[in-house]
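FYI, UniProt numbering numbers position 132 of the sequence shown as 132, with every residue one higher than the one before it.
Hints may be right or wrong, so weigh each one.
Stated by the list, open to error - The calculated lysine-lysine pairs, modelled on DSS-like cross-linking and capped at a C-alpha distance of 30 Å, are:
#, residue 1, residue 2
1, K59, K89
2, K125, K89
3, K160, K106
4, K157, K59
5, K79, K157
6, K59, K125
7, K59, K160
Keep in mind that the hints were calculated from the coordinates and are not lab data.
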Amino acid sequence: MDDITALIMEDHHRFRVGFARLDDAEGAGQLAAIWEPLALHLDIHADAEEEIFYPHLLKEAGGEDAEEETDDAIGDHNKIRDGIEEARKHPVGSDGWWAGVWTARKENSEHLMEEEDEVLPDFRKHATPQLRADLAVEWLRFFADHPQGEGLDFSDKDPKRYIAENS
Numbered sequence: 001m002d003d004i005t006a007l008i009m010e011d012h013h014r015f016r017v018g019f020a021r022l023d024d025a026e027g028a029g030q031l032a033a034i035w036e037p038l039a040l041h042l043d044i045h046a047d048a049e050e051e052i053f054y055p056h057l058l059k060e061a062g063g064e065d066a067e068e069e070t071d072d073a074i075g076d077h078n079k080i081r082d083g084i085e086e087a088r089k090h091p092v093g094s095d096g097w098w099a100g101v102w103t104a105r106k107e108n109s110e111h112l113m114e115e116e117d118e119v120l121p122d123f124r125k126h127a128t129p130q131l132r133a134d135l136a137v138e139w140l141r142f143f144a145d146h147p148q149g150e151g152l153d154f155s156d157k158d159p160k161r162y163i164a165e166n167s
C-alpha cells in the first residue's frame, strides 16, 4: 500500500535531483529543459499538499504543532512560487532568471528539511495507516486529474486564512 508521506518524500527527492541537474546544465536550452518541468512540478506539489495533506494534518493527524507547521508550510510554498514567478520574468540563464531560481531552490531546501524533520514524522505518529493509504490514493488521483497543472491556480495563499478554512 502506498503512503502519502512516502509519495511526498519521492517528490522531494525529484526536486533535489532537478536542482542538481541545473548545476550541470550548459546553455539556455538545457536550463529550460530542466527548469520548466521542475518549476511545474514544484507548483503542482504545493497545490497537492495544500489540497490533500495539510487539511488532514490540521484536522486529525498533526498533533499540537499542526497549525504552526501548516502556517510555515504555506508561507514556504508562497516563497517558492514567488521564486518561480520571478524566474519567469527573465530570459532563461540571465542573472534575473538565476535569482528567481535561487530563491525557489533555497526556499524549497528549507521547506523540505522542515517537512521531513518535523511535519511528516508528526503526521506518521498521529495518522492511521489507513488514512495514510487513503491520502496516497487521493495524491495520485490529484496528479492524474491535473496533468501539466491543468485547472490549478498557482497563486500565493494567505496562511492564516488557509488554516481557518481548513481546520
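Structure-based check of all given hints:
{"no.": "1", "hint": "K59 with K89", "in the structure": "violated (38 Å)"}
{"no.": "2", "hint": "K125 with K89", "in the structure": "violated (42 Å)"}
{"no.": "3", "hint": "K160 with K106", "in the structure": "holds (23 Å)"}
{"no.": "4", "hint": "K157 with K59", "in the structure": "holds (19 Å)"}
{"no.": "5", "hint": "K79 with K157", "in the structure": "holds (10 Å)"}
{"no.": "6", "hint": "K59 with K125", "in the structure": "holds (14 Å)"}
{"no.": "7", "hint": "K59 with K160", "in the structure": "holds (15 Å)"}
Checked against the numbered hints above, the structure violates hints 1 and 2; every other hint is satisfied.
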